[in-house]
Amino acid sequence: MNAEMLPSTLFSAAPHWKWLIIWYFFIGGLAGGTFFLAALLDLVGDVRDRALARLGYLIAFPAVLVCGLLLIVDLGRPSRFWHMLIQSNTGWPMFKAYSPMSLGAWALLVFGFFAFLAFLAALGDRGRAGGRWRIRLRPPGALGALVAVGGGIGGLFLSGYTGLLLAATNRPIWSDTTLLGVSFLISAASTSSALLIVLGRRLGGVYALRRLARFEVIVMVLELIALVALVVSLGPLARAWLSVWGVLLVVGVAGLGILVPLVLHWRGGWRAAVAGGVLVLVGGFLFRVVIVLSSEHLGRTI
Amino acid sequence: MAEPMGFFTDTSICIGCKACEVACKEWNQLPAANGGVTTLSGDSYDNTRQLDGLHWRHVRFVEQFAEDRKDGRWLLMSDVCKHCVRAGCMEVCPTGAIIRTEFDTVVIQSDTCNGCRDCIAACPFGVIGMNPVSDTAQKCTLCYDRLKVGLEPACAKACPTDSIQFGTIRELKERAAARVTQLDRQGVKGAYLYGADDRMLGGLNSFFLLMDRPEVYGLPANPQMPSRTLRAGALWTTLTAVVVGLAGVFSFRQRGHREPDEDRP
Amino acid sequence: MGSNMAENHPVAFRWPMKAKMNGAKIIHVDPRFTRTSAMADIHAHIRAGSDIAFLGGLVNFVLDHPRWNSEPFFRTWLLEYSNAPFIVSSDFQDAEDRDGVFSGLLEYKGGVTEWPLNGFVGSYDGKSWQYAGTATGATGEPAAQTAKSGETGPSNRPHDAGAAADRGTGDPRRAAPPPGPPFDALVRSLKKPPPRRDPTLQDPRCVFQIVKRHFARYTPEMVERVTGCPKDLFLKVAETLLENSGPDRTSAFVYAVAWTQHTNGPQIIGCAALLQILLGNMGRPGAGIMALRGHASIQGSTDIPTLYHSIHGYLGHPSVLKRHRTLAEYLASETVATGYYANTPKFMVSYLKSMWGDAATKDNGFGYGWHPRILGDHSHLPMFVAMDERRVKGMLLIGQNPATSINARLERRAMGKLEWLVVKDNWVHESATFWKNAPEVKSGAVRPQDIKTEVFFFPSAQVAEEEGSFTNTQRMLQWHFKAAEPPGDCRGDLWFTYQLGKRLKALYASSTAARDEGFQKLLFDYAPAAESERAKGGPDPHRILKEINGFLTADPGQHLKGFGELKDDGSTTCASWIYCGVFPAPDQNLAARKQPDPPGQEGGQLQWGWAWPANRRIMYNRASADLQGRPWSERKKWVWWDGSTWTGKDTPDFAITRSPSAKADPNGIGMDALSGTEPFIMKTDGRGWLFVPTGLVDGPLPTHYEPAESPVKNPLYKQQSSPVLKYWKHEGNSLAGTGDPAFPHVITTYRLTEHYLAGAMSRWNPWLTELQPELFVEISPELAAAQGIRNLDFVRITSPRASVRAKALVTRRLRPFVIDGKTVHQVGMPWHWGYEGVVTGDVVNELTALVADPNVSIHEGKSFVCRVEKA
Ligand SMILES: Nc1nc2c(c(=O)[nH]1)N[C@H]1C(S)=C(S)[C@@H](COP(=O)(O)OP(=O)(O)OC[C@H]3O[C@@H](n4cnc5c(=O)[nH]c(N)nc54)[C@H](O)[C@@H]3O)O[C@H]1N2
Ligand SMILES: Nc1nc2c(c(=O)[nH]1)N[C@H]1C(S)=C(S)[C@@H](COP(=O)(O)OP(=O)(O)OC[C@H]3O[C@@H](n4cnc5c(=O)[nH]c(N)nc54)[C@H](O)[C@@H]3O)O[C@H]1N2
Ligand code: SF4
Ligand code: SF4
Ligand code: SF4
Ligand code: SF4
Ligand code: SF4
Ligand SMILES: [Mo]
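Protein chains in written order, with this note's numbering: chain P, 1 to 302; chain S, 1 to 265; chain R, 1 to 871.
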């Protein structure tokens, strides 16, 4: 590339956020998304949705645990993970509202807390002995509503902030657009509902699943729009995707991950729905792979 | 706070001797990459390639020769952390490991850093890297330990031609401006200061005299704060959250409405 | 020109950069575009080995230039400060008239049978080169002024074979010189009639006319033909140089081994001297010719010499090949009657006193007979040939790494023929392990068990672990203190040498052999006064410095304050006359001073260290003043006559009270023979020599010769390369013929800032190896394209001696040359790699040949031929 047209972000260095982080983004999206959907089903759906919502809670907490683990393992000094939350030299809380990573660490903690509560409730729903009080941690009921709303907002945050985290850098692609949060959030929603569809099929909650599928279609359409907007917003840097990454984005993410599932949904049928869900999950994962790795390989060009 | 201190690096008199690179390594006891057993880069005389956790100074070699050699120059430049007045690395650091010292320099406290690497991505100049010995992010400290006892930074001390000048920002800016005028008077075209005024990230406390466009030296023409995307990004994302929420409510809010228990969605 | 100063003397390059910031222009003449070129205002590229053509072109340009011909400043310099008006012997015939050969060329028949290794391919009788009426053979040459090979002209060279001890009977026609001390009569007996001169400079035999004719063909066009530097670029250099010379401005030349590592190195430097005298750029601030020295204290090691052919202070080494049997004979052949070197007897006698103390008496010629004498050329290259011929049994290798040195395979083979080898070094380098790790051993061509050399390794301390002095490029002594104890069993070189000497003396104490008498009598007492220090076994460096500085023989507590105090009767003891004055009192070690001039009043920095001679920072600085002793200009004011004495910012380099109006005494000796306007006091005539009547063995005027190996015919003369260069015809040392198509490419070897010489001091340091990890060859894109080589490809470089492999660094900093209408490709290789250390690589010096300059025996590592192809 001619030096004259080099965007300024090309001069930063790659943080080597690779597979652990990609998995974190993916699973974090699922954790936040499934909780959010579960909470929403709990709050605005009816009793026929409870089984599916319960599934959401059951997924969300383990997923958030895995997230924490992935993040800690990815640190250069994992034993110092708590430095994100507590100032190591003063013992005071460490919080920076303008640092997405700082916010994210707290969000993970807070969301993890709600997810834990909801997880307890979901476990309790099985009706095991001593489980009754736990039910109250789920809507209906004020406490349950609190957990659902708090966790739901936390879940949305978790699914979207990762995009902002990438954007609040000086890396090419990541920080050349303000739409990463949008895409990440939508993708979290679509992959989460896909996951619920795939796993929920066995729960036999057809009623809820149908409505999830409707949600899925809306979100996938949004996702497609967001994706196009994302590419457009990158301006000249979108040329970086004139590469294997672009192929992956078009074929993998947009094609396999959105268009094909849309077609499958339109065609209908459970098998198709499940297949579509799997594809959405794959597409969502690929999306993060493309976003993260295509930038990792850029920069320090001279 | 003491007066802001920093570097004025005059690339027009850098002889590319790399004494600064080595002096930095020696003072800070930074090991060589791969025990010193590396490969020839093939890019002029630059074999360390970049600033990172093991190379807090890096000397760049830019060969510019016309095919007929009628015109030719070899630009040499010693690069380092810019100690930005508005420092992107510091802005994002979630542990507070990155601090601003009493000399208005930016320092990563190695005992606090947990190696999340956000600062690496945040620095517009690609200055920071992981140090494989400490497993933390590291970069030039502007020899904080030396400054505290009144010593000049090791690299500046070692520089034989005073291409690296250390001093108070106020004085350095005067010197730099005088140097540009001097070069201009000597008929040297194209010399200018990079990062000397506060338009660039509030000012770089380590600024440069360059002979060509910043990109030629691997410097961004328009470095930005990482938070520049935050406001809009947060707004769009929140809006999206609302839309997704509404989509959810719209999809799920079907109380009382009976659906046939068909085996299809 | 002749150095890559920014890369190899980066710290000193601080000053050219300061000058540049003040508006000075830097010109770099180098085949490659280097980091020095990057800093230069003009980079002129010339083919390696063509410097004399370039410099000769400058001389011609100056001589033809209207400004030079009209400005009184230049006229005064020419008439009064140079030997331009002197008339040269009518026997002299210039190389211009004889196709590249001066009058007096003979077949070389010198040397002794015990040492047939002097290497000359021919030799000159320089008699015809002398001033008319003064030619009395080659005797009385100021040998100290050039580092000669150890032989004088052929007139007194023994031609018959015989026992070495009987050599030097010399010319039977010569009478025995008058004895001494005092040696005044001897000195006076050497007096020659003053040279005739023509103040109009019209006489065709005057130096000026000869020089003019000699360089007439060195036109800008010829410069382009020979060097490959475009005419316009050359003219730009020439104009800049002349413009910047005159009463108000000066230009300096800076060189290092790019000028010395040739078969005509001293002639290149001589050509620069000629030019600088023409331009009035000598003895003045910002002028002169600066020899950048190499190793730390390499200057010191030629002052207090490790050179084979001189003793302290550049006095010639007693030699079997010269008329040197007695002290008087030695003095007669080494002293000149006029100029400062008339004091040679004082220097020599004081030196002999430092060797043998009380045992050196007037009656035994101050022990002169005990002094060893050399047999011929014992410099590096012939010593290794001798080793290969098993003439040398053992070697003490202290701070050198010949396994990677010139024609490295040959040198390694030679080391393998030693009985014993002592390596004293900081690192176990290639020369310590050649018997097991050299490529020829690894490849199986040589088996370690066939090498009978017993190798001893002594770990050495570093400089910072010892106290002592450095003498660096500007002849300045600087004292350094011990910063740390050496680790483990490492010992300093002082300790080692002192202990070795003491032990050898004990071994020889009971010998009755006559030849050992001198060693038995040798003073070797440097024990420290303090018992605690003595227990450590090392010498007291101050006692050594004291011996070098000198003292009154009768009262050793009285140190000498300068060489003016030296006597030829044994009453003064002084090892090195040039260092006399550095230690003027037991509590005044002037080398340890560190007092800069106050800011704003910078002058000679006379309180910083101590520079020989006499703490003088600019030699011949009388020339910084005009005939009347006034500064040439306010801007270039340095030393001047204040009406009664010479004074100024520096120690004046003149008899301090000798007035500018003083007339030369036609019967005088020493300084009396020079007038008050003749600044070059070390010369017999007080003049800067444009034409060099004595002292050089390869001609009185610089003449372009091709290197010993070249792809092109000499465009200027039929004589291809120097007719008297040194070449050792020896197995594994063949040379390519001119234009040999098998070796079409010119190659030069050099250094990188990131590494140090053979590499032991840098390739063992990861901080440095990561900066330059691998051996490479710099190639122009044009040659790369022609040979199908891409950047970073492995390339094979083959010379008639060997073949090495390196990675290609394809760069436009190199370029092809058009020489005499033919494209000549030149490549370059840094030579720092070897088979030991953190990073390793092929030994570039396997490519080079044992071929050398005839004056000082320096190899031609800067220009030879090879073939470059993809590996
Ligand atoms: N970093 C570093 N510094 C050193 C040393 C080191 O090894 N490393 N070595 C020290 C020692 S011992 C010495 S002697 C000095 C040597 O100092 P220099 O003489 O500067 O050393 P080189 O690099 O051998 O050669 C200088 C230049 O000569 C050019 N050259 C080659 N052939 C010719 C020619 O025919 N004419 C002209 N005009 N130029 C030619 C080469 O391209 C090269 O750039 O450096 C000392 N300083
Ligand atoms: N082709 C080619 N060949 C060249 C040259 C060239 O330009 N081209 N340059 C030539 C020149 S100018 C030079 S000077 C020579 C240099 O050639 P060498 O002198 O053989 O090379 P160095 O590597 O300097 O060897 C010095 C050794 O001294 C050791 N040493 C350092 N300090 C001490 C100490 O205090 N005591 C002791 N005992 N040892 C110490 C170092 O570890 C090192 O091994 O090479 C020459 N060879
Ligand atoms: S240059 Fe980079 S590392 Fe240095 S202070 Fe600025 S943002 Fe931080
Ligand atoms: S790597 Fe260390 S210094 Fe950098 S942002 Fe993370 S905690 Fe802060
Ligand atoms: S200021 Fe200190 S830490 Fe920074 S580059 Fe220079 S030597 Fe290294
Ligand atoms: S020490 Fe100075 S001259 Fe040498 S490379 Fe560094 S900045 Fe340039
Ligand atoms: S290596 Fe030592 S002697 Fe050579 S330039 Fe550097 S400081 Fe000077
Ligand atoms: Mo040297």
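It is worth saying that the hints were derived from the structure and are not from the lab.
Accuracy of the hints is not assured; some may be wrong.
Unchecked claim - Calculated Cβ distances over 12 Å to all of chain S for the following chain P residues:
{"hint": "1", "residue": "Trp-17"}
{"hint": "2", "residue": "Val-44"}
{"hint": "3", "residue": "Phe-81"}
{"hint": "4", "residue": "Leu-222"}
{"hint": "5", "residue": "Ala-226"}
Said to hold, decoys possible - Straight-line distance between alpha carbons at most 27 Å, and here's what the computed DSS-like set of lysine-lysine pairs gives:
{"hint": "6", "chain 1": "R", "residue 1": "Lys-505", "chain 2": "S", "residue 2": "Lys-70"}
{"hint": "7", "chain 1": "S", "residue 1": "Lys-173", "chain 2": "R", "residue 2": "Lys-502"}
{"hint": "8", "chain 1": "R", "residue 1": "Lys-18", "chain 2": "S", "residue 2": "Lys-189"}
Said to hold, decoys possible - If the Cβ cut is set under 10 Å, some of the chain R residues that face chain S in the computed set are:
{"hint": "9", "residue": "Arg-35"}
{"hint": "10", "residue": "Asp-248"}
{"hint": "11", "residue": "Tyr-756"}
{"hint": "12", "residue": "Glu-774"}
{"hint": "13", "residue": "Gly-788"}
{"hint": "14", "residue": "Asn-791"}
We put the CB at the ideal spot given by N, CA and C, even for glycine.
Those earlier numbered hints the structure runs against, lowest number first: 1, 2, 3, 4, 5, 6, 7, 10, 11 and 13
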